[in-house]
Amino acid sequence: MEKFGKSQSVERREDDRFLTGLGQYVDDTTPEGALHGYVFRSPYAHGVITSLDVEAAQEAEGVHLVLTADVLDQAGVAGKMEASLLENQDGKTAPNTDRFLLAKDKVRFVGEPVAMVFAESLAQARAAVEMIWLEIDDLPVHMEVGTGGTPLHDLAPDNVAFDWAMGDLAEMEAAKSEAAHVLSFEIADNRIICNSMEPRGCWANMEEGRLHLCVNGQGVWAQKEQLANMFDLPASEIRVTNPDVGGGFGMKAMSYPEYFLTAQATRMLGRPVRWMSDRSEAMLSDNAGRDLTSTATMALNADLKIIGYQVQTLANMGAYSGQFAQPIQTQLFSKVLTGLYDISVAHLQVTGVYTNTTQVDAYRGAGRPEAIYVLERAMDYAARALNVDPWDFRRLNFIPC
Amino acid sequence: MKIAMIVNGKSVSREVSDNTLLVEYIRDHLRLTGTHVGCDTSQCGACVVHVDGQAIKSCTMLAASAEGAAVTTVEGLAKSKDDLHPMQVAFKENHGLQCGFCTPGMIMTATDMVARYQAQGKEITEDAIRHELEGNICRCTGYHNIVKSIADGASKMTTV
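Top to bottom, those sequences are chains A and B. With my numbering applied, the first sequence covers 652 to 1052. With my numbering applied, the second sequence covers 529 to 688.
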């Protein structure tokens, strides 16, 4: 019988291609004759750049172009990446710290792009990258998810990226003072690396005077707008495409320096160029996820009803504020702060901190799984502390229907 | 150097540098892009092909080492567009794939595994499938449907 109606399995249109090797992932679709890009990444976590020597790389066999921050400057590309900035508790916008396509003046994490080489073959590009010489004056590194330490950015003196809050603190304090029980728990949510099966990659080509960037991303419009802003081009002169993508998980939703650099190379050279991350580069440069420590405080009345719920979080941004990073552990976290429970008084305060690590941004659910994790751990810890069954404790506090 | 082999039943020959990996020979020189590179370190298994009937990770074998060999890639399994290999049908019917990037390697590992077990007259249990898949990584499916697909495909494959 023909399948009809709901709750029946359906076959996917794309499966035949994927099963027979006819998938079209980004590195399967590169234009004929494209040059290969390879990135020189900082081997240091923190330091002031004293010299960057790319002369030998420029002279190396097969090399057509070496991009550095200086070369971008000379080409009229300011190279500053966009970030979403929050409004701090004091009403001021969070500091607009710099993140450049290629390190200028300072390096701030191991894996930060410093130069990018474009050559006839991948082997030639890699060999040329090994001829690049970077010297720095070491700075102390700040690794702990906490404020203070040697500042990464002049605009963020205590390594505070933002200080954001939501809710009524006075009501929360009142709930705590009239509570029969006040319980506090520290809940860590460790950093993860996304590790999509297909690493990040892109290629770019000039097509009848129009810039085409093909990238294994999660959408084209934001990327197109950012390219237009970066290169001061009308959007109509840019085309962005996403081919088949081997796993995104949020990590591929944002733009990355390599996409702009590959696009800039094709603009300067007038021929197609391609870049594919290897696994080690993915580990160093893909946006990480999570990496926050929260202190959850519950105020309960004598019947064990939650009358107030407060979360204070330290959220690691890594070395830079990523494209969507700041709103994640704050605005998105707040959407499900109190979950399924009947909690009328709540307060959330989040401090974003800079550390000498790869930037942290959206990953699988982005802020909401983190909020639910904190809440449900806190429910379990509270039940244990109060010596009641965790399911009974949850049932008692559910929003009634 | 000139390297010749038989790929999916056809004789091929290409002039390549001596350090060319088999996966580069297949992807860049023959432009058969169904075989994928996921990790460069022989951990993920997206690059698995058959060389003289054995599953190998093509990112860890020199093309020169496959000189004269018979190589089968994922493109060489189906008889035609409308006549897929039973293992390919099983992956499709059991939703054994999502993004599809690991899938060619999964299918090449699966067909090799089933052929070996059938040749030895051994039953291919769920435990055996899970153990045999230790060299193939998937980030979408959580493996349950891949294991189901392989068990289903095995029941429809006759290699002996």
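I should point out that these hints are in silico values taken from the structure, not numbers from a laboratory. Heads up, a few of these hints could be off.
[Said to hold, decoys possible] In the DSS-like style, the derived pairs of lysine-lysine whose C-alpha atoms are separated by at most 30 Å in a straight line are: (1) B:K607 x B:K676; (2) A:K956 x A:K986; (3) B:K676 x B:K609; (4) B:K650 x B:K684; (5) B:K676 x A:K657; (6) B:K684 x B:K538; (7) A:K654 x B:K609; (8) A:K731 x A:K743; (9) B:K650 x A:K654; (10) A:K875 x A:K986; (11) B:K620 x B:K684; (12) A:K654 x B:K684; (13) A:K657 x B:K620; (14) A:K743 x A:K986; (15) A:K657 x B:K684; (16) A:K827 x A:K654; (17) B:K676 x B:K620; (18) B:K650 x B:K676; (19) A:K743 x A:K755; (20) A:K654 x B:K620; (21) A:K731 x A:K755; (22) B:K620 x B:K607; (23) A:K755 x A:K875; (24) B:K676 x A:K654.
[Stated by the list, open to error] Calculated Cβ distances over 10 Å to all of chain B for the following chain A residues: (25) D756; (26) M794; (27) E876; (28) E888; (29) L935; (30) K956; (31) Y1024.
Every residue gets a Cβ at the ideal spot worked out from N, C-alpha and C, and that includes glycine.
Violations among the numbered hints, reported as their numbers in ascending order:
9, 16
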